[in-house]
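J.: Given only the sequences and the hints, what does the whole structure look like? Please build it.
First to last, the protein sequences are chains V and R.
Sequential numbering of the first sequence, starting at 1, is according to my numbering.
Sequential numbering of the second sequence, starting at 261, is according to my numbering.
It is worth saying that the hints were derived from the structure and are not from the lab.
Ideal Cβ positions, reconstructed from N, Cα and C, are used throughout, including at glycine.
Treat the hints with caution; some may be incorrect.
What the hints assert, rightly or not - Over 12 Å on every C-beta distance to chain V, these chain R residues come out as not near it, computed from the model: (1) 356; (2) 434; (3) 502; (4) 536; (5) 554.
As the list claims (entries may be wrong) - One-sided and incomplete, this derived list gives chain R residues near chain V with beta-carbon spacing under 8 Å: (6) 305; (7) 308; (8) 310; (9) 326; (10) 330; (11) 338; (12) 340; (13) 342; (14) 346; (15) 349; (16) 353; (17) 357; (18) 358; (19) 363; (20) 364.
Unchecked claim - In the DSBU-like style, the derived pairs of lysine-lysine whose C-alpha atoms are separated by at most 30 Å in a straight line are: (21) V:258 x R:263; (22) R:524 x V:93; (23) R:331 x R:508; (24) R:391 x V:258.
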Amino acid sequence: MQNTISMQDHLAKVYALWLREFKVFLRERSRLVASTFTPILWLFVIGSGLGSAAPSELPPGVDYQQFIFPGIVSMSIIFTSVFYGSYIIWDRKFDFLKSVMVAPVSRTTVFVGKTLGGMTNSLIQAAILLAIGVAMGIPFTPLSLAQAAAVVLLMSFGLTSLGLALGSYMYSLEGFQMIVSFVVFPLFFLSGALFPLDNLPEWLSVLTAADPATYGVDALRNLMLGTGTYGVELDLAILVGYTAALGAFGVYSFGRMKAV
Amino acid sequence: MIKIRSLVKKYGDHIAVDNLTLDINENEVFGLLGSNGAGKTTIIHMLATLLKPSSGSATVNGYDIVCQPAKVRSSIGIVFQAPSSDDMLTGYENLQLHSMLYSIPRHTRKQRIDEVLKLVGLTERRHDQVKTYSGGMRRRLEIARGLLHKPKVMFLDEPTLGLDPASRETMWKYIQRLVREEKMTVILTTHYMEEADILCDRIGIIDKGRIVALDTPKGLKAGLGGDIIRIKTRYNPDKISQLDFVHKVEQSNGFLVLSVNNAKRDLPMLLRHVEAEIVEFASPTLNDVFIHLTGRKMKEEQPEGGFAEKYAKYD
Ligand SMILES: Nc1ncnc2c1ncn2[C@@H]1O[C@H](COP(=O)(O)OP(=O)(O)O)[C@@H](O)[C@H]1O
Ligand SMILES: [Mg+2]
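T.: In structure tokens:
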């Protein structure tokens with residue numbers, strides 16, 4: 001009984017924190033426009049530009065723009081999710097974080113609320129891109145769309161955790177931007193978002209195999225285009241493993257974060 | 261209500277709070293008065309469980325600040341030195357968020373929010389985003405937020421810092437009102453003498469992390485031993501201090517500050533012995549107490565104006 005009450009209490013607080021993130025997101029629409037614009041630009045400029053010199057290794061029946069579409073969805077998730085970590089620095093800067101930490105709320109609750117906010121943000125952006133994908137003629141079924149959404153959530157949970165964990169150790173936005181650039185760009189470029197993973201040089205394939213985003217991209221490519229390197233089951237299994245580890249890292253980092 | 265025992269906070273070699281022992285009673289308004297960097301905020305942060313003491317202990321509402329942080333947090337409300345509400349949300353939404361974080365039951369939430377909004381006079385503006393609020397309104401919203409869960413103890417860290425004189429007086433009115441209506445122990449920090457004098461039942465003067473005096477405002481002033489006479493003269497201070505009605509002579513800004521029992525009676529006597537260019541007298545103020553105890557003026561700006569005029573209102 002005690003447990004159900006405290007669980008309910010915990011969820012109510014998570015909801016309160018999430019709601020705040022969501023309201024702020026809705027009120028800062030320029031944020032959404034700016035961060036959706038870049039992936040669309042990539043999709044059409046890189047997709048069409050490089051597409052005219054299409055790599056010969058593409059799966060049959062898939063043009064380059066379609067091929068990178070799952071990669072661009074992943075790109076949007078990677079950037080949005082990891083950069084979401086900067087909001088914990090803002091919260092600290094404006095002392096909002098202090099006001100939450102002085103309330104009877106556990107660090108884990110704060111972490112989960114914030115992460116759900118980031119996931120919502122990523123999901124909305126991915127939804128916009130998926131709608132564009134439907135218009136581009138990607139052969140979605142309601143099931144594959146739902147599955148893709150699940151992969152998006154899984155990926156963004158892991159990567160938002162990563163961003164927030166990094167943010168929790170930092171006090172300046174500039175520092176965060178710098179550190180994160182060293183994280184975000186490799187995550188993206190090594191994920192096979194822009195090129196097929198078969199026939200890569202040895203050193204590169206080792207790096208791509210270590211990149212958690214690789215399995216998100218591959219899962220989405222499997223679901224959307226019916227083609228991929230590892231197969232959905234393996235992708236999901238590895239993704240779940242990474243996500244759990246990154247989530248644990250986030251909880252740990254929030255636990256040891258300084259309140260003032 | 262609050263028991264502090266040998267509390268210490270060190271930042272590296274720097275001792276911000278130095279072996280503080282202090283008891284604060286239930287339902288009193290206690291002031292921590294000290295200049296910038298004295299350690300006031302550090303004390304508040306430790307009592308509010310946001311900062312771990314280097315050593316020593318304290319209980320708030322009977323709960324240990326290190327071992328029972330959740331219980332302490334439920335017992336306290338706090339207004340930080342800098343406003344901490346979310347600018348993008350409305351005042352109402354900020355209160356809603358915190359009422360949920362404090363587990364205020366759904367059916368009483370709205371009523372309580374309306375109550376605290378009314379108490380701080382923000383009912384009209386409750387649906388405006390906080391970024392449109394003035395400095396004073398933001399502070400009042402913070403107070404409202406601190407009151408939501410009816411805490412036993414309220415911390416106000418420099419509640420009027422940076423406000424113009426008019427907003428400051430409005431703020432005092434609201435603080436006095438909450439003391440009257442909400443029945444709680446209030447610990448407020450300030451570096452404004454006047455504020456401490458007006459609002460507090462007891463004042464602890466804090467300097468370099470230590471309490472250097474602790475009494476009622478009246479007691480502190482009485483402790484200086486009667487009135488003060490300020491003169492500008494070329495006479496030797498040592499000679500003046502030998503006069504039997506003069507308890508003490510201190511120098512401040514080219515003036516001599518004499519402590520006497522009764523300025524009105526002693527002044528004519530003094531002038532029989534000493535030739536002076538400028539003569540002023542007043543009952544001591546907290547500021548005089550502070551200078552007397554620390555040998556320094558408050559670092560922060562003091563209202564300008566003549567000595568007598570400045571202090572006349574306390575006579
Ligand atoms: N995070 C910190 N790291 C190092 N020194 C600090 C820190 N916070 C406060 N101090 C120092 O501790 C002393 C007390 O600060 P504070 O409690 O903020 O004083 P007050 O609130 O009375 O102005 C100051 O000398 C300040 O520089
Ligand atoms: Mg301070």
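J.: Which hints, by number, does the structure contradict?
T.: Structure breaks hints 1, 9, 20, 22, 23.
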